[in-house]
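Same order as they appear, the protein sequences are chains G and W.
Position 267 of the first sequence, counting from 1, maps to 267 under my numbering, and the rest follow consecutively.
Position 63 of the second sequence, counting from 1, maps to 63 under my numbering, and the rest follow consecutively.
Simulated from the structure, these hints should not be mistaken for lab results.
Every residue gets a Cβ at the ideal spot worked out from N, C-alpha and C, and that includes glycine.
One thing to keep in mind: the hints can contain errors.
Pair by pair, the computed Cβ-Cβ distance ranges are [what the hints assert, rightly or not]: (1) G:Ala115 <-> W:Pro13: 29 to 35 Å; (2) W:Gly53 <-> G:Asp606: 48 to 54 Å; (3) W:Glu54 <-> G:Asp657: 38 to 44 Å; (4) W:Glu17 <-> G:Lys577: 42 to 48 Å; (5) G:Gly451 <-> W:Pro13: 34 to 40 Å; (6) G:Glu422 <-> W:Gly79: 46 to 52 Å; (7) W:Ala11 <-> G:Ala115: 46 to 52 Å; (8) W:Gly53 <-> G:Gly663: 52 to 58 Å; (9) G:Asp48 <-> W:Ala11: 29 to 35 Å; (10) W:Glu54 <-> G:Arg254: 22 to 28 Å; (11) G:Gly663 <-> W:Gly79: 58 to 64 Å.
Spelled out, the chains give:
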Amino acid sequence: MVDRWLRREDERLLTGRGRFVADLRVPGCLDAVFVRSEVAHGTLREADCSAAREVPGVAGAWSAADLPDLPPMPDAPGVEGREWPALVKDRVRYPGEALAVVLGDDRYRAEDGAARVRVRVDPLPAVVTAEEAAGDEVRLFEGRSNVALRGEAGRPIGDEVWERAAVVVESRYRQQLLMPSPMECRTILCVPEGERLTVWSGHQAPHRLRHDLAGLLDRPEESIRVVVPDTGGAFGSKSAVFPEFIAVAWLAVRLGRPVRWVEDRRESLLVATRGRGQDQQVRLAADADGRLLAYELTVEADVGAYPHLGVAFPMQTAWMATGPYTTPEVHATVRSVLTNTMITYPYRGAGRPEATSPLERTMDVLAKRLDLDPADLRRRNLIPPDRFPYRTPTGRTYDSGDHPAALDLALRTLGYHGWRAEQARRRADPAALPVGIGLSCYVERSGGERGSVHDYVGVEAGEDGTVVARCGAASSGQSHATVFPALVAETLGVEPARVRLIEGDTDELPGGVGSFGSRSAQIDGAGLQHAATLLIEEARERAARMWDLPIEETAWSDGVVHPVRGTAAMGLSELVKRTGPLRIDERYEADMAFPFGAHAAVVEVDPDLGTVRVLQIVAVDDCGRALDPAVVRGQQFGSIVQGLGQALYEGVPFGDDGVPLLGYGLLDYLLPTYAEIPPIDLEETRTPTPRTPLGAKGAGESGCIGTPPAIVNAVADALRLDHPERLQMPLSPDVVWRAAA
Amino acid sequence: MKITLSVNDDAYPLDVEPRRVLADALRDDCGLTGTHLGCEQGVCGACTVLVDGEAVRSCLMLAVQCDGVPIRTVEGLAGPGGEPHPLQRAFSAERGLQCGFCTPGFLMLAAGALERDPALGEEEVAALVGSNLCRCTGYEPIRRAITRAARDHQKGQDGRHLSA
Numbered sequence: 001m002v003d004r005w006l007r008r009e010d011e012r013l014l015t016g017r018g019r020f021v022a023d024l025r026v027p028g029c030l031d032a033v034f035v036r037s038e039v040a041h042g043t044l045r046e047a048d049c050s051a052a053r054e055v056p057g058v059a060g061a062w063s064a065a066d067l068p069d070l071p072p073m074p075d076a077p078g079v080e081g082r083e084w085p086a087l088v089k090d091r092v093r094y095p096g097e098a099l100a101v102v103l104g105d106d107r108y109r110a111e112d113g114a115a116r117v118r119v120r121v122d123p124l125p126a127v128v129t130a131e132e133a134a135g136d137e138v139r140l141f142e143g144r145s146n147v148a149l150r151g152e153a154g155r156p157i158g159d160e161v162w163e164r165a166a167v168v169v170e171s172r173y174r175q176q177l178l179m180p181s182p183m184e185c186r187t188i189l190c191v192p193e194g195e196r197l198t199v200w201s202g203h204q205a206p207h208r209l210r211h212d213l214a215g216l217l218d219r220p221e222e223s224i225r226v227v228v229p230d231t232g233g234a235f236g237s238k239s240a241v242f243p244e245f246i247a248v249a250w251l252a253v254r255l256g257r258p259v260r261w262v263e264d265r266r267e268s269l270l271v272a273t274r275g276r277g278q279d280q281q282v283r284l285a286a287d288a289d290g291r292l293l294a295y296e297l298t299v300e301a302d303v304g305a306y307p308h309l310g311v312a313f314p315m316q317t318a319w320m321a322t323g324p325y326t327t328p329e330v331h332a333t334v335r336s337v338l339t340n341t342m343i344t345y346p347y348r349g350a351g352r353p354e355a356t357s358p359l360e361r362t363m364d365v366l367a368k369r370l371d372l373d374p375a376d377l378r379r380r381n382l383i384p385p386d387r388f389p390y391r392t393p394t395g396r397t398y399d400s401g402d403h404p405a406a407l408d409l410a411l412r413t414l415g416y417h418g419w420r421a422e423q424a425r426r427r428a429d430p431a432a433l434p435v436g437i438g439l440s441c442y443v444e445r446s447g448g449e450r451g452s453v454h455d456y457v458g459v460e461a462g463e464d465g466t467v468v469a470r471c472g473a474a475s476s477g478q479s480h481a482t483v484f485p486a487l488v489a490e491t492l493g494v495e496p497a498r499v500r501l502i503e504g505d506t507d508e509l510p511g512g513v514g515s516f517g518s519r520s521a522q523i524d525g526a527g528l529q530h531a532a533t534l535l536i537e538e539a540r541e542r543a544a545r546m547w548d549l550p551i552e553e554t555a556w557s558d559g560v561v562h563p564v565r566g567t568a569a570m571g572l573s574e575l576v577k578r579t580g581p582l583r584i585d586e587r588y589e590a591d592m593a594f595p596f597g598a599h600a601a602v603v604e605v606d607p608d609l610g611t612v613r614v615l616q617i618v619a620v621d622d623c624g625r626a627l628d629p630a631v632v633r634g635q636q637f638g639s640i641v642q643g644l645g646q647a648l649y650e651g652v653p654f655g656d657d658g659v660p661l662l663g664y665g666l667l668d669y670l671l672p673t674y675a676e677i678p679p680i681d682l683e684e685t686r687t688p689t690p691r692t693p694l695g696a697k698g699a700g701e702s703g704c705i706g707t708p709p710a711i712v713n714a715v716a717d718a719l720r721l722d723h724p725e726r727l728q729m730p731l732s733p734d735v736v737w738r739a740a741a
Numbered sequence: 001m002k003i004t005l006s007v008n009d010d011a012y013p014l015d016v017e018p019r020r021v022l023a024d025a026l027r028d029d030c031g032l033t034g035t036h037l038g039c040e041q042g043v044c045g046a047c048t049v050l051v052d053g054e055a056v057r058s059c060l061m062l063a064v065q066c067d068g069v070p071i072r073t074v075e076g077l078a079g080p081g082g083e084p085h086p087l088q089r090a091f092s093a094e095r096g097l098q099c100g101f102c103t104p105g106f107l108m109l110a111a112g113a114l115e116r117d118p119a120l121g122e123e124e125v126a127a128l129v130g131s132n133l134c135r136c137t138g139y140e141p142i143r144r145a146i147t148r149a150a151r152d153h154q155k156g157q158d159g160r161h162l163s164a
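Make a model of the complete structure from these sequences and hints.
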């Protein structure tokens with residue numbers, strides 16, 4: 001019955017035996033509920049928990065004043081001095097910020113208690129856009145500017161470049177705030193036992209969480225065990241420590257009792273990290289033949305209330321501003337501005353969608369100005385395959401790529417000329433709804449930045465003939481338990497069933513970095529392959545000693561070491577029995593890689609209603625070697641649908657008071673449903689990264705990067721907009737109707 | 001209030017507050033944590049279970065409304081001998097799950113529909129898939145899985161007819 005389940009994760013998840021943090025039964029566990037600010041910005045006058053403490057079943061209730069030693073969030077490097085308290089001390093800076101925490105015997109008691117906490121916040125004017133906030137008329141921190149970071153990539157472009165260009169296109173775009181929205185919100189369960197603290201969390205980076213908590217609680221890292229059980233999606237939003245985590249861990253230790261926080265959707269929509277959040281201005285210059293001369297991108301990022309990793313993240317956009325083109329001069333500047341909203345943070349794509357979208361939208365405008373086919377314009381400028389490694393003006397060195405092949409495959413798969421003919425036919429028919437065709441070529445970065453492009457990997461052979469693989473990644477739905485053992489098994493030449501994976505438990509691993517930035521296959525995968533190769537070498541050395549042969553006289557095949565000549569052979573089990581434990585532990589490091597591809601979309605627009613019907617999406621993605629092609633296709637498809645969400649449905653609108661207008665939860669924040677899924681054709685090209693022997697690049701983020709501009713370009717094309725600035729995502733009927741008018 | 005929840009043919013005598021929602025009673029009082037809570041406002045459908053054969057959002061129903069009414073959750077989906085339900089096999093075969101958090105809701109929604117009408121048509125399947133939220137798969141694999149299960153289900157029934 002081995003074949004019944006395609007993935008090792010499937011049986012438990014399909015039979016109700018998955019174990020997510022909320023599913024763990026812990027005797028005496030208290031549930032945490034946070035009392036949250038209903039205003040976006042204000043002065044805290046009162047947070048009185050005394051009535052809450054009288055509620056039956058409430059174990060305790062605390063405001064910041066009741067917990068003077070409660071540590072604040074760890075400072076992000078380079079942006080010190082603007083403290084983010086775990087509970088508001090005197091100033092509320094984002095709606096939903098926690099004013100008090102109530103612990104109860106169960107969620108009902110804790111909610112009862114929370115309802116009795118008396119809070120009073122005097123509102124201050126709230127600023128939610130970068131433009132408003134950058135003026136510093138309303139300051140989030142007294143005496144400090146709201147501008148938290150300035151940065152640039154590439155060199156400033158001289159006036160003469162713009163003057164001598166045949167065409168210069170200027171435009172502005174908004175990359176709206178998005179909620180990553182994993183189906184399981186954030187979770188943490190802290191169980192103190194003697195000197196140890198066990199932390200269960202649906203998390204992408206267990207070792208980072210352990211490190212942060214150890215610092216915050218001022219205790220040795222070894223005294224904390226972080227375990228990541230089944231995790232219900234993450235998409236970038238579960239890789240940090242959060243204010244609520246600090247309160248929960250602190251109280252668990254202080255009370256000596258297990259404490260759990262399971263974020264609900266209502267609070268998630270207020271206080272979970274959000275992605276994107278950039279106002280962008282671009283200038284793109286070309287000569288009369290459509291050869292790109294210069295590109296300038298100015299980013300004003302609204303990064304939320306407190307300096308954090310999200311402050312520096314717009315630099316990803318700046319570094320990737322060059323895109324897949326040979327543009328000789330590229331300059332990107334970034335200003336990150338604090339605003340009265342929960343922080344921005346990596347969300348699937350994280351900086352690369354924000355780089356791809358303005359460039360690809362502007363390419364279509366340029367094509368129109370030059371009266372060129374948008375595919376031809378791109379083809380004239382794509383980096384040719386023989387130019388790799390390619391160093392961009394914005395400081396990236398792309399490892400490998402065949403962009404023209406990806407574009408051509410996308411056009412072929414779409415039936416590009418057929419759709420152009422259909423478009424012409426409809427344009428000649430006044431009764432027909434217009435169709436538009438949109439293209440988008442992208443290049444992304446996967447693996448991480450220098451300094452974090454490594455992970456712990458290990459392979460161990462047991463006496464019983466089984467093999468244990470270990471790595472510092474943490475799965476939140478990416479099938480690691482299936483894919484990594486298969487890779488190790490293939491390398492060793494043994495049956496996959498003999499190999500199992502251990503990850504997501506700091507007690508079981510000497511170290512680890514985690515899963516984010518599309519790094520698991522690229523770094524951990526390549527590392528596990530490397531570790532398995534080292535294990536083979538070690539096995540051959542031991543066998544050579546045993547048989548008194550030079551190592552060159554030994555060979556490895558199908559999980560067995562044998563002499564090159566002769567019939568003796570020894571499997572791993574026998575070898576371990578004869579020579580002792582056989583275990584490889586490595587810190588594997590590689591360089592970042594650059595997946596790429598081309599997406600195309602066809603839409604039909606009803607200009608009278610403003611509705612967009614996506615007729616077809618084609619995605620050609622190149623992630624080098626795909627460890628498990630079906631798993632990669634699953635990632636591609638899901639990612640495209642999230643990209644569709646950004647293009648057409650998702651966004652965070654604010655009221656004048658700075659509070660998000662998401663009062664009806666997921667009825668206001670529109671995640672795509674099946675009713676919105678168009679026909680999607682997935683294709684791939686395979687250009688391995690030369691930076692690891694495995695050749696895998698990241699695969700999970702392509703759809704969020706490539707799809708949104710393809711769809712928006714298609715809508716602009718359908719409406720024949722000369723200057724599509726009025727089309728800002730999400731393209732709701734209201735936005736499209738106004739643009740068409 | 002004293003009630004008895006009858007879940008997957010097991011009786012759970014409970015003493016619950018009238019306000020307790022069914023999902024919490026199933027998860028915390030019956031220990032059946034396969035039913036997941038994704039939004040607690042009836043939108044996402046992760047908590048879907050069958051109450052008297054009808055698919056309901058268990059976050060929007062009170063436990064006391066279900067006193068004595070047969071309830072089925074994902075833990076009761078497999079056959080009596082532990083034989084997987086055609087839907088469970090099909091979800092794996094079609095890669096209809098990634099993180100698996102929303103999966104029990106889709107399974108129970110589809111199980112209820114298949115039991116009512118084993119010959120689910122394309123439109124019915126599309127309406128079912130469109131009822132719940134998934135953030136990982138993009139839904140198409142879920143649609144394929146339910147379609148495949150409907151086919152297998154029918155084949156299985158035909159098979160039983162033939163052998164009878």
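Quiz item: Should the hint that W:Ala11 and G:Ala115 are 46 to 52 Å apart at their CB atoms be regarded as holding?
Solution: 34 Å, violated
Quiz item: In this structure, is the beta-carbon distance linking G:Gly451 and W:Pro13 contained in 34 to 40 Å?
Solution: 58 Å, violated
Quiz item: Is it true that the C-beta distance of W:Glu17 to G:Lys577 lies inside 42 to 48 Å, as the hint says?
Solution: Given a distance of about 60 Å, which is not inside 42 to 48 Å, the answer is violated.
Quiz item: If you check the beta carbons of W:Glu54 and G:Arg254, does the distance land in 22 to 28 Å?
Solution: Cβ of W:Glu54 to Cβ of G:Arg254: about 46 Å, so the range 22 to 28 Å is violated.
Quiz prompt | Distance restraint hint 29 to 35 Å, applied to the beta-carbon atoms of G:Ala115 and W:Pro13 | solution = 30 Å, holds
Exercise. State, for the Cβ atoms of G:Gly663 and W:Gly79, whether the hinted interval 58 to 64 Å holds or is violated.
Key: The hint (58 to 64 Å, Cβ to Cβ) is violated, given that G:Gly663 and W:Gly79 are roughly 44 Å apart.
Quiz item: Are W:Gly53 and G:Asp606 spaced within 48 to 54 Å by their CB atoms?
Solution: Between W:Gly53 and G:Asp606, where Cβ atoms are some 40 Å apart, the hint is violated.
Quiz prompt | Hint check for G:Gly663 and W:Gly53 - Cβ pair distance inside 52 to 58 Å | solution = With a Cβ separation near 34 Å, W:Gly53 and G:Gly663 fall outside 52 to 58 Å, so the hint is violated.
Exercise. Kindly confirm whether 46 to 52 Å is satisfied by the beta carbon distance between G:Glu422 and W:Gly79.
Key: 50 Å, holds
Quiz item: Has the hinted range 29 to 35 Å been met by the Cβ atoms of G:Asp48 and W:Ala11?
Solution: 45 Å, violated
Quiz item: Does the Cβ-Cβ separation between W:Glu54 and G:Asp657 fall within 38 to 44 Å?
Solution: 42 Å, holds
The structure fails hints 2, 4, 5, 7, 8, 9, 10 and 11 (numbered hints given earlier, in ascending order).
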